[in-house]
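Colleague: All chains, full assembly: derive it from the sequences and hints.
Protein chains: 2
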Amino acid sequence: MKRPTPEDLLNDLRPEARNEPESSIMTVINHGFGRQGLIPLWAGEGNLPTPRFICDAAVKGLEDGETFYTWQRGIPELRDALARYHARLYGTPFEAENFFVTGGGMQSIQTAIQAIAGEGDEVVLPTPAWPNYAGPLRMKGSRPVEVPMTFAPSGWQLDLDRLFDAVTERTKAIVVNTPSNPLGWVAPAEDLLAIRDFARERGLWIVSDEVYARYYFPQDEAAGPLPPSFLDICDTEERLIMTNTFSKNWAMTGWRMGWMVAPQALGDVLENLIQYNTSGTAAFMQRAGVVALDEGEDFLAEQVRQAREGRDIAYAALSSVDGARFAVPEGAFYLFFTLDGMTDSTETALRIIDEAGVGLAPGAAFGPGGEAFLRLCFLRERGQLVEAMDRLTRWLARNR
Amino acid sequence: MKRPTPEDLLNDLRPEARNEPESSIMTVINHGFGRQGLIPLWAGEGNLPTPRFICDAAVKGLEDGETFYTWQRGIPELRDALARYHARLYGTPFEAENFFVTGGGMQSIQTAIQAIAGEGDEVVLPTPAWPNYAGPLRMKGSRPVEVPMTFAPSGWQLDLDRLFDAVTERTKAIVVNTPSNPLGWVAPAEDLLAIRDFARERGLWIVSDEVYARYYFPQDEAAGPLPPSFLDICDTEERLIMTNTFSKNWAMTGWRMGWMVAPQALGDVLENLIQYNTSGTAAFMQRAGVVALDEGEDFLAEQVRQAREGRDIAYAALSSVDGARFAVPEGAFYLFFTLDGMTDSTETALRIIDEAGVGLAPGAAFGPGGEAFLRLCFLRERGQLVEAMDRLTRWLARNR
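First to last, the protein sequences are chains H and L. Residue 253 in our numbering sits at position 253 of the first sequence; the count goes up by one each step and never skips. Residue 1387 in our numbering sits at position 387 of the second sequence; the count goes up by one each step and never skips.
For the record, the hints were derived by calculation from the structure and aren't laboratory data. There may be inaccurate statements among the hints.
[Claimed, not checked] Computed beta-carbon distance windows for the label pairs:
no. : chain 1 : residue 1 : chain 2 : residue 2 : range
1   : H       : E169      : L       : E1119     : 37 to 47 Å
2   : H       : L193      : L       : G1203     : 30 to 40 Å
3   : H       : R3        : L       : Y1090     : 15 to 25 Å
4   : L       : L1089     : H       : R351      : 53 to 63 Å
5   : L       : W1395     : H       : R84       : 35 to 45 Å
6   : H       : K60       : L       : D1298     : 45 to 55 Å
7   : H       : R382      : L       : D1298     : 25 to 35 Å
8   : L       : R1035     : H       : K60       : 17 to 27 Å
9   : H       : T5        : L       : A1316     : 24 to 34 Å
Even glycine gets a Cβ: it sits at the ideal position worked out from N, Cα and C.
Modeller: In structure tokens, the structure reads:
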């Protein structure tokens, strides 16, 4: 046998898999992961490990021998807890049958896409956006139709006419992420209403990723504790799939555990997809999910307080930098800023790792409109964040 | 708005997702799961929870705060441990760079398929087979080409000419599962060689699922401790992807943790796919994987002993049943038997749950050639298995 070359092997893969570019976030993380002294603000996670009382529930699950195959849709106790949690937040009753436990927010998106879109289909999404909506769409043979939002220091704007104009006969869904990663933009209630009405009229699915809903810092003091949500204005039995995760609220990024809210009619289809994707989520981990939902509000309140403080620290520091421009985030925990004259955000992020010891995510990763930006995660213990902002502002001053 | 009906919602899903039949294994499990007194032999797992020394490593990982995002391909320590484990088993060196940690054996298969096959492609696989090869292929828009094997009480036979004749211009891969779930069939070394040579000549991928390799009970006393493997005869840098799991060897079915062995050239592509599927596996769980690989041989030896004993118990019991026919399994931990006159294996499995208190998997789930069979998992504590076989043989006697 002539031994195949690496090129031969790659050529024999599916083109959509072979040609998928590495996320430049991963390029940057792989460059700096584990480096001594680096302050990593590149990923969407804080500096706290999962709190002990949540871990303890998983440990108890292990001690109780909950290490067997379990319900593909999630253990009943966790689906009940999800219904309770949503009822408490949104002030209306929810049924456990609308909840599906998954292997993380990413897996929720993957599963939603598998249900809705495939070869020849299109899905419309505003950008800059987390790259992991477009990636799985391409893997499934469908086309992400990216609609760039407009940047102004007064705030990012979604042009609804432009969004709706991007919809064609082939469009199956609109993806909305509010509060937005990486923008910190929070969709106004009237935008959600318009999207809902348009989607209803055209029979489109809405895939709504509201994983940052609890991280909300509105300028308007009169705003309530939660940003506008599709759950305020939609029925669970319409064309709406919400994707969510335990990661952000309860410092559980590494657990890979999330959920979907979907019509009950989809139950058997989603169960099949979960079976083919991961065949469910460890029962002992799901016990930790129950405790996070039922008893995690104090921890979460402290996380949100820290994020708000972090936003203010990052905001103040970057405001002092000549040529840095950004909109003040009203939600999530990212500051997405542009630097006058920066042409390659990936190269810049790599240099900032090497020369300033701070890890940022390159805006290029987030699609059209993000190329000239860098994303900074400000959910971080105060001392570390102050140090990171100090390193960063000094580096920026040196490199103007 | 006219509220959409459940039918409307289903009609708006992708046909491949909507039309995918529920696995009749899930039909049966959902019918009987958690029922008092039932002895479940329907799934591929034993009755022991994960041993304490393995759980302890996960608990330590939690205590050490290993709850953050981690390497998408797996933590270096686990990839190193996988290389050590394979080197020990197969007597040749392996490199950590050929190993990719996944969210279970299912996720390994899903990822392999995503890399290799898509819309318009075909993948050839012998049946009866675990249904979760064909399912994800259909979800990806590709066609599983099922090649029925031939049943005889002397042993199942794979007709290689028939297998190779099923290969067309559209074929991308051949899936081989040895030892086989549900058959207990172990591919002879000469079959693997012929498949390897054919695949090399035609530039096809081999996806080899050898998750039951450690459960091997050959009739031939002179056989070695391991069944023939593609790892004996292939190079890691050719068109071979092996899918594997921690589930079966170390009683970790519920953990959802597995691995792939694949050419290093595929590294970036597989990393991307892992990112879009699950974004990695919990680091604290991976610590348990390291311990299972490095220190789990005694536990595994006891599991294999129990499986061999279980096979003998199940074999002896069913041999006494008029009209029951089967081949003696030489590997894995299933007995796949047919009953003269049985026309609907799903209905029969449901009746056996209700009337005999034993959970079996219907052969219909395993594709062409399996319809008239039932699958029994014999990896079970002796007392329970004896009781289950007693219930089953009495029910069979009553229902002739």
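Colleague: Now tell me, hint by hint, if it's right for this structure.
Modeller: Consistency of the hints with the structure:
no.: 1; hint: H/E169 to L/E1119: 37 to 47 Å; verdict: violated (19 Å)
no.: 2; hint: H/L193 to L/G1203: 30 to 40 Å; verdict: violated (54 Å)
no.: 3; hint: H/R3 to L/Y1090: 15 to 25 Å; verdict: holds (19 Å)
no.: 4; hint: L/L1089 to H/R351: 53 to 63 Å; verdict: violated (45 Å)
no.: 5; hint: L/W1395 to H/R84: 35 to 45 Å; verdict: holds (42 Å)
no.: 6; hint: H/K60 to L/D1298: 45 to 55 Å; verdict: violated (26 Å)
no.: 7; hint: H/R382 to L/D1298: 25 to 35 Å; verdict: violated (49 Å)
no.: 8; hint: L/R1035 to H/K60: 17 to 27 Å; verdict: holds (25 Å)
no.: 9; hint: H/T5 to L/A1316: 24 to 34 Å; verdict: violated (54 Å)
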